[in-house]
Each structure stands twice: as structure tokens, then as C-alpha cells.
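Peer 1: Protein chains in written order, with our numbering: chain B, 1 to 328; chain G, 1001 to 1328.
Calculated directly from the structure, the hints in this document are not laboratory data. Even for Gly, the Cβ is constructed at its ideal location relative to N, Cα and C. Some hints here could point you the wrong way.
Here are some chain G residues pointing at chain B (derived, C-beta under 7 Å) [stated by the list, open to error]: (1) 1209; (2) 1222; (3) 1226; (4) 1298; (5) 1299; (6) 1302.
Reference excerpt, derived from the structure (chain B facing chain G, CB under 7 Å, subset only) [to be verified]: (7) 209; (8) 222; (9) 223; (10) 226; (11) 299; (12) 302; (13) 306; (14) 309.
Take a look, some chain G residues computed to stay more than 10 Å from chain B by CB distance [to be verified]: (15) 1077; (16) 1178; (17) 1245.
Chain by chain, the residues:
Number of protein chains: 2
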Amino acid sequence: MNHGTNLLSPRIAIVGSGAIGGYFGACLANAGEDVHFLMRSDLEIVKRNGLSVRRMHAPSFTLSDVKCYASSAEIGPCDLVIVAFKSTDNETLARVLPPLLKENTVILTLQNGLGNVEFLQERFGEERVMGGLVFMGINRVAPGRIENYNPNGGTVTIGEPFARTTPRVAQVCELMKGAKIINRVAEDFQQALWRKLVWNVPFNGLSVVANATTDMVLDTPQLATLAHGLMKEVQAGAQALGYEITDEFVESQVAYTRPLGAYKPSSMLDYQAGRPVEIESIWGEPLRRGTAAGVSMPCLGTVYALIKSLVARRLAGNPVHDLNRGFF
Amino acid sequence: MNHGTNLLSPRIAIVGSGAIGGYFGACLANAGEDVHFLMRSDLEIVKRNGLSVRRMHAPSFTLSDVKCYASSAEIGPCDLVIVAFKSTDNETLARVLPPLLKENTVILTLQNGLGNVEFLQERFGEERVMGGLVFMGINRVAPGRIENYNPNGGTVTIGEPFARTTPRVAQVCELMKGAKIINRVAEDFQQALWRKLVWNVPFNGLSVVANATTDMVLDTPQLATLAHGLMKEVQAGAQALGYEITDEFVESQVAYTRPLGAYKPSSMLDYQAGRPVEIESIWGEPLRRGTAAGVSMPCLGTVYALIKSLVARRLAGNPVHDLNRGFF
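Construct the complete structure from the given sequences, taking the supplied hints into account.
Peer 2: So, in C-alpha cells, the structure goes:
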């Protein structure tokens, strides 16, 4: 692999400046890194008011003079491109990324679920792509205002998508550390992806189909039971594919989630706002891969079908035929 | 069994004058039977405007001079009491029914799902209770206005709850026939109950959790697949309990449902109106009985958990914690 990029003092682009992109970019810029944000809706407000981060594990701050841009052509080539687009916007990346790339540019995707790494590798080259898994509890509460609800700051887990770890993984981790973003090295990134799905599948799923924040899932016995059943199906799928997920890890999800309080997973915010939801990467692809490996995933299949139908309806303006339809 | 009641020219009480009760009572009264309606919200409007029934398989009509009452004491003892309360109101029946009963009064319950017959038998005596299963597609579109969307009129299936058929079953069927209500005798009523659940579990269930009318369930591939999976679980539960439900019956549900058009199952109307939903009789009790018989019902379990949680939230005013909760 070609790992000759400058990741010690890199020029960084943040592509997708929602909750995750905004948080990572702001923390890196606040630590003195050279960060350039590609922004859409928040551009003018952030130019005017800056970017504020509230967090519990380290000082909160507001960043003024944010380097933000409306197009990637204005940013130009970078050493590190952090992709925090929704996976539903992946097709847009094919247009947005090229101006940011030079030889050796590293693309770090922080996207949820399965299939994103493969998408980027196919289009921009296998060697460029690194994976990062964000396990925090971050919301963008208003344009340019980001809050991290995790009392301990949460973690990002960085790794080579399909290989053992490399020196550039350590370099990116060092960057994160400087920005007070707690990080881990994923010795097996695919396993880490499945571990994250143990959380995303139930909590993002029930946030849409049961309209429940994470605390509600934990506090409603039948939802807590259902969440646990979904976790066990993800665990079984992962195990059938050769990724180890221990029972202890599954059981630890409740203790991890409790301190997040009334957290709204990203899928809930997307659904409520009428935006696309990351249906395929979080539920569809795990269901297909697990089922192909011979695992029965009926609860996941049920939640997937419901989300797919609910989201399609929402995007279409949520029409339910009216009862009094002039039948007679 | 004591079957000495007068069911040839009976004094009839309708308890619960919603869609089903209103339809049966109106059709019986229109055919010249002596029908007394216990009404709550619709009482004044029906007294003033009468009760109108629109149907496709027989002439529509409006009944004026409806005998309707605010209390069962005003009605007094009857030969036949038709119970069309929601099963969620069963506790109220303990108070409402006694003034309607004399020796030999027959109670015919038209309620959905499992557990209703047992409830009535425990409180009012085993021999009084008969079961009826309504398979039509009826909505109460406004106070005193009832529509039957089934082009063929639909059917009611009448039987002894836990025994082979008896002469009084034939008598009640004769009454229904006179009222142009197409009827069948259930040789095995428990089996008929489970057959009805093959429809109610998916279509009532998805009407709430997927916010989908019956045509939407049929026309959305993932919902149609999920509905079919739910039917197969109900079939497996029934079979484990000794009730035969053929594959042909399961597959016939689509053909039965298609002509109903954009039908809203009762659970959808109840949920949307913020009323209780028949959760336990339609999903909870079948799940418990099937599971106790050793059948795995993961899709039914998922739908049950979601409905229970959604309905509880709706009844509590649907509070979802607000995102901006002054966390910092």
C-alpha cells in the first residue's frame, strides 16, 4: 500500500458538515489543524457566527473564522479528506470528491453501516480509503451548533478497511488525539463495523419505527426486549461471517447508551425532517449479508421492511388514502 | 346446554354501536327485528337523523326511529345480546350487561381476537356465550353512518365457542340471513378465530406500525412480504394448537383483501383517533398461545412490541423528549 501522504501536518477537507463532520472538523481546527469545510445549508451562518462545539469531556468552544466553502473546487487538493456524508448521498460523492484528491490523498469515511468503504474504493481506488467508526452521541442542534452528549466524549475507531493496521492508522489516531477526540485502532475494521451495527440496528431502527429516543427504548420493557433481540440477530450475522462479537459486548450496549439520555439517533432526526434515512447501509446490507451466511434475522427483516416503507411514504409526502373516498 | 331461548323472534340488544354493532343492528332492524341499541357518543345524532347503512351486495337504507338508549337498564332483559364492544372495553361489560340478561339470554360476541369468549363465559356463564366472527370491511364513517366496503357483503361466521355446532347456531344464522348478512356456521369456532387472525394480525398490525391501508400493504413489496410472513407465523401457531389452516387459505387472503380498496382496519382508526387498540386479543394472546405451544413468532413479537409501545405513547399524548433539553 502507498502510505506516503503527509498525515503529520495535513491539509484536511471535511465533506459533509453535519453533526459528525462539523464535530470532527471543528475539534481538529480548534487544535490548530488546517481544516477546510465543504458546506451546504450551514455555509452563510457558519461564516457569520462560527462553529460551536459543546462537549462534556473537554472544554466547549466556538470557532470563528471557519474556512468553509460551497464547492470542493474552491478547497482544492488535500492530504486527508474526511467523508461524513450520509450514505444515502454516496452518489453525490462521485462529483464532489475529485477536486480534493491528489496522489496519496487519504479518504477517511466516518459513515454508518456496511457498503460505504466498498463504494469509495471502487470509485477512487482501494488504497486511498480508511475507515472510521464514530461512537459518540452527537447532534447538530442548529446550523453551526454541535453537541456531544457522551459524558466521556465517545470514541472513534480507525482502521484499514480490509487489512491489519498500518502506520497511517496510527498517524490519523495521533491527529484525533490532538483534537481531544478519543480514538482506538481497529485491528479488524469489518468486525468493528459489525460491532457498531449492534447499536445502530436497534437504536436507530426503533427511533424510527417506534418513534423512540434511546432512553425510551431502554425504559419501555417491550422495546428493550426487542432491541436486545435485534442485537442478538446482528451478533449471529457477524459471527456467521467470521467476526467475533461477544455476549459481553452485546450486554454492554445498555450501559453505554444510558448516559446518552434522551438521545435521538441520526435516523430519527433524518426521518422526522423528511430527509433520506441510511436504510441500506444500516439494515438492508447487514440483513442481506447475514441472510446469505445462513442466519435467520426475522426481527431485523421486520424492522427493515417497516423503515423502508415508512421512509418511502415520508419522502413521498406521507399520503394515506382518505377514508371517505367517495366509495358509493 | 340450555338452548331454550327465543331466537326465532327475539328481543335483541346491541351493545357497542360502532361500525360492527351499528351494522348488524341496523340490518336486523331493517329486516323487521326488534332491536335496541345501547349508544354512547352517537345517541343524539342517531335519535335525530337515524342510522344509515351503505352496502354493495344489497340495497342501502336509512333507518329512522331507531330504538336507542343511553343505558342498558332502559333496555332491560333481552333474548339475544350482541356484543360489539372493543375488547379493550371488556371490563366495562361487567357493569353494562347484567340488566340485559334473563334466564337463557344468549350473548353473541362479535369481538376480534382471542380471549373474549373466555372473558364473557367467566363472568356470565359458559352456556350463554356464542361466538361470531365478522369478516367484512365495515367502517363507521360518521356518527350513525356505516359503510360496508365488501362488494360481496362479507360474512359472519357463527359458532359455539368450544363445542360442535348446535340448533341455536342455526337459529342465529337464520336471523342474520333475514337481515341480508351472509353467514356461515363455524364447525370449529376456535379454528375460525385463528383463521381470522391470519388476516387481522398482518393487516391490523401494519395499519398501525406502517401507517398503511390494506391496499398499501398489498402494493408495497416489503410490506406484502412482511404481511405474508406474519400470516405464516399465525398459521404455524394455529397448527401447533391443533387448528388446521391450509396454505391455500393463507394465500387466499390477498385475493380477499384486494377488493376492499384503501380499507383502514379498525386498529388504524382507533390508533389515529387516540383510542385504545385491541392489542392483547389480536397480537398479545396469539403470541402467548403460539409461543407456549413451542412456535417461534419473531415477526409477530416485533409487531406486538411496536404496537404496544406506539399505542401507550399515543394514549399518553405521544410525548417524545425534545432534543434541546438544556443538556448544557
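Peer 1: Each hint needs a verdict: does it hold in this structure or not?
Peer 2: For each hint, the structure was consulted:
1. 1209: At 6 Å from the nearest chain B Cβ, residue 1209 of chain G passes the 7 Å test, so the hint holds.
2. 1222: This interface hint holds because 4 Å falls under the 7 Å limit.
3. 1226: For residue 1226 of chain G, the interface hint holds, since the closest Cβ of chain B sits about 4 Å away, which is under 7 Å.
4. 1298: Hint holds; residue 1298 of chain G Cβ to chain B Cβ min 4 Å, cut 7 Å.
5. 1299: holds, 5 Å
6. 1302: holds, 4 Å
7. 209: Residue 209 of chain B check passes; min Cβ-Cβ to chain G is 6 Å, inside 7 Å.
8. 222: The hint holds - residue 222 of chain B has a Cβ within 7 Å of chain G, the shortest such distance being about 4 Å.
9. 223: holds, 5 Å
10. 226: holds, 4 Å
11. 299: Holds, about 5 Å.
12. 302: holds, 4 Å
13. 306: holds, 5 Å
14. 309: holds, 5 Å
15. 1077: holds, 37 Å
16. 1178: About 24 Å separates residue 1178 of chain G from the closest Cβ of chain B, which puts it past 10 Å; holds.
17. 1245: Fine: 20 Å to the nearest Cβ keeps residue 1245 of chain G off the interface.
Violated hints: none; the structure is consistent with every hint.
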